[in-house]
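Asker: All chains should be built: construct the whole structure from the sequences, respecting the hints.
First to last, the protein sequences are chains G and V. Last residue of the first sequence: number 232 in numbering that gives the first Met the number 0, and the count goes up by one each step with no gaps. Last residue of the second sequence: number 591 in numbering that gives the first Met the number 0, and the count goes up by one each step with no gaps.
Simulated from the structure, these hints should not be mistaken for lab results. Bear in mind the structure is a predicted one, so any value in this text is a computation, not a measurement. Careful, some of the hints might be misleading.
[Said to hold, decoys possible] Residues from chain G that keep clear of chain V, each with C-beta distances beyond 12 Å, as calculated:
| hint | residue |
| --- | --- |
| 1 | Ala15 |
| 2 | Ser44 |
| 3 | Lys67 |
| 4 | Ser71 |
| 5 | Leu92 |
| 6 | Val110 |
| 7 | Lys114 |
| 8 | Leu122 |
| 9 | Ile135 |
| 10 | Thr159 |
| 11 | Phe163 |
| 12 | Phe168 |
| 13 | Gly174 |
| 14 | Arg185 |
| 15 | Ser193 |
| 16 | Asn217 |
[Claimed, not checked] Below are the DSS-like pairs computed for lysine-lysine, each with C-alpha atoms no more than 25 Å apart in a straight line:
| hint | chain 1 | residue 1 | chain 2 | residue 2 |
| --- | --- | --- | --- | --- |
| 17 | G | Lys228 | V | Lys486 |
| 18 | V | Lys77 | G | Lys214 |
| 19 | V | Lys417 | G | Lys20 |
| 20 | G | Lys214 | V | Lys465 |
| 21 | V | Lys263 | V | Lys282 |
| 22 | G | Lys220 | V | Lys433 |
| 23 | V | Lys486 | V | Lys399 |
| 24 | G | Lys114 | G | Lys67 |
| 25 | G | Lys231 | G | Lys88 |
| 26 | V | Lys399 | G | Lys114 |
| 27 | G | Lys88 | G | Lys147 |
| 28 | V | Lys399 | G | Lys31 |
| 29 | G | Lys181 | V | Lys486 |
| 30 | V | Lys574 | G | Lys208 |
| 31 | G | Lys220 | V | Lys486 |
| 32 | V | Lys574 | G | Lys82 |
| 33 | G | Lys88 | G | Lys31 |
| 34 | G | Lys88 | V | Lys372 |
| 35 | V | Lys367 | V | Lys301 |
| 36 | V | Lys417 | G | Lys214 |
| 37 | G | Lys20 | V | Lys574 |
| 38 | G | Lys30 | V | Lys399 |
| 39 | G | Lys82 | V | Lys433 |
| 40 | G | Lys114 | G | Lys150 |
C-beta atoms are modelled at their ideal positions from N, C-alpha and C, and glycine is treated no differently.
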Amino acid sequence: MDNAGILVVDDDREIAGAIEKLLEREGYEVKKAYDGLEALDALVSGNIQLILMDVMMPRLDGLSATLKIRESRNIPIIILSAKSEDSDKILGLSMGADDYVTKPFNPDELVARVKSQLRRYMLLGDMGNVSNSNQIAIGGLLLDTDAKQLKVDGGQVHLTAKEFQILEFLMKHAGMVFSAEKIYERVWKATPYSVENTVMVHIRRIREKIEINPKEPNYLKVVWGIGYKIEKI
Amino acid sequence: MAFVIVVLSLAAVVVQIQYAEYMNGNVESLIVDRYINSEEFYYGQVQNGLYRVSRAIEEGKEVEGEPDYIYFAADKEKTFGNTKWSEREFYEQYDQTFYYLENGDWKAGENANPPRQYTLVDNTEAIAYVAFTDEYMARKQLEWEENRAVLKPLALRMALGVSLALLLIAYLIWATGREPDDKELHLAKIDAIYSDVLLALFLPVIGAWVISIGEFAFSRNRLFDGLGMNEVFSMSVTGGATVVAVSLCGILFLSLVRKLKSGKLLKHSFIFVAFAASYDFFKSLFDGRRFKGNTHTQSLFKRQWAFIVASASMVFMTFMFLFSGVLPLVVLPPALEMLIIYWYIKGNNKTFVEINKGFDESLGEQMKAERMKIALVTNVSHDLKTPLTSMISYVDLLSKEEDLSIVARDYVGILSEKTNRLKNIVSDLFDLAKSSSGDISMEMEMLDIKKLIEQTMGDMDDEIGKSGIEVKTRLPQEPVMILSDGKKLYRVLQNVLDNALKYSLEGSRIYLELEDRDGKAVTIVKNTASYEMNFTEEEILQRFNRGDKARTSEGSGLGLSIAESFTRVCGGELKVSVDGDLFKVAISFPLS
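Answerer: Structure follows, in structure tokens:
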């Protein structure tokens, strides 16, 4: 796993070079391509387990290249883009990308995301047989309701009892929004009375444990003015 | 002051006149020294006496009552008189008041004033002598002089009053509307009343005065020549009524004077204004000025008038032909009318098409400009972010190099800090540009702003804890539902709270309140600033303005601008107010 091959696609050679250095420090084998077409060529020739893809590039742009790659390959693709709108993110993910990182990125965060995607990819075998009805899998999260265990990208994460119950409740109803009162009612089994802060604090702790960047969560999201939900991925 | 004097002196004059009336005074006594020469004596006594003696001769009986004069009359049949004397010499001794009848004609004695009017005796043979005795005349002269003695001071006072009033009125006319300090003309509140209304107000005032004087003053029976209780009472009523009437008239009059001086007397009258407004209204209907500068609508307007005039003349022609009996010609106007209608519709349609074309064009231009602006924002943002990405990445790589000198590590630390700050600024700038250009995707939904505040507080728990500043909340029990974009509204609250935390005085508190105010959900964040806020409410919301001019902290300085802009695109309103050291942000949304 440490020698996984990563393809960095960016028309800006300095950025591509910097990412190359960053990842090489982590022990990855890095190849570079400067547009979509080169990326497709490089993919054919070499051993590549993950792609970092810029969007705005000459000849073939990143989104089209992603779409093209998805026709034949299932490897993780992380889009790297200067476009930061929600709509751009949704578009990128709907094209088949696994993650979306906006430029300028935090180098440490980028590395963490790469690692996360790689672990998930490598563990795909394990994740695939969620035949066990006691397990709930969403993205890189794997929750075992019997063993009371949570794995994030294959790695064990320790949660307190209440944190686990909240996450379990939300993951069972992924995509649905629940108010703090509702969550309190279900988890604490008590009448909710000014519980917003209690629930919020728990949510924040859970985020810190399961999200790469708790400020921009991938899984556990706040629906402002309404409640909380686990994104259905 | 002058005004009061005028009022009082005029009232005094009126009262004096009334007083004079009560005293039975005869004004003539002021001018004519001797009673004998007065009109009163001449008409009241002489002419009257001669007339009555003449009547007595004609009717053949004595003068009724007790006349003031002595007389003797005789004709062929009888003689009568009120003395025992029938000789002419007796009467003639009162030479200044002696009159005699001769040949049906009255003549005056040698030194008497000649009679002027009465020559009406048919009986030419009759003789008569009339005279006023010296005793009588002396008594009358005495009365005459007494009368003058009473009237003289009265007249003097009246003259004084009138001339004083006139003088002061002249002064008031000159002085009204002026103030000692400047040359400007100052108008009073009453001057806002239209001139003609002011003028009309004189009528009821003067009317009321006349009626009240008529009621109280001259209806009294004059029993004595002196002053009784009744008279004194009536005089004070008259005086009071006059004071009121003169005051009111004076106010009205001075207002008119001020308006005249300011040159607005005529223009600022109800009639003038009403005429001008209706004239303008009708003119605006016909002159097409509203369409000035718009060739298309102007041509529509003109065509409309041409159509109306032409159609009306067609109707007129039809009736003319009908009544003049040229029946075959009656078909002509309807036929022409068809042509006119055709011309009207065709012309209008053409203009409408042109208007639409122009409208579409300008809409297209506007869209194009909008798209260009958005493209510019996107491109500039991309062009800023790309080099920034390289900078951040290489600074990070550099910081991870192991064999850096201490100095170099120090420098890299600064570089890292500054590139991060630059990143924040670029990101904020981009958000602001997007939201203020209106090109921002919105997800409006019904949400509970009370809950959103609580969530934001929970989210910022760490920052609040670290700052050492307490946030006191006062939120309602019930949910407060509004229609907004939750994510952006969170950003708004976050920025506002961030700002409050950053600039609050150490150990002070931040107050966060939510209340329903006139159908609006108003969120108020108040804090005590840690520095002197020498800026205005407008300045702080302008881009890149920061509370502290030193610009020491790590923010972009766009926090409040973004909050304001985001609030606006979410359909709310953000207002900042500064009161001493109190900084207050109020965010209001219409309640749903």
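Asker: When the hints from earlier in the document are held up against this structure, which numbers fail?
Answerer: 1, 6, 15, 18, 23, 27, 30, 32, 35 and 37
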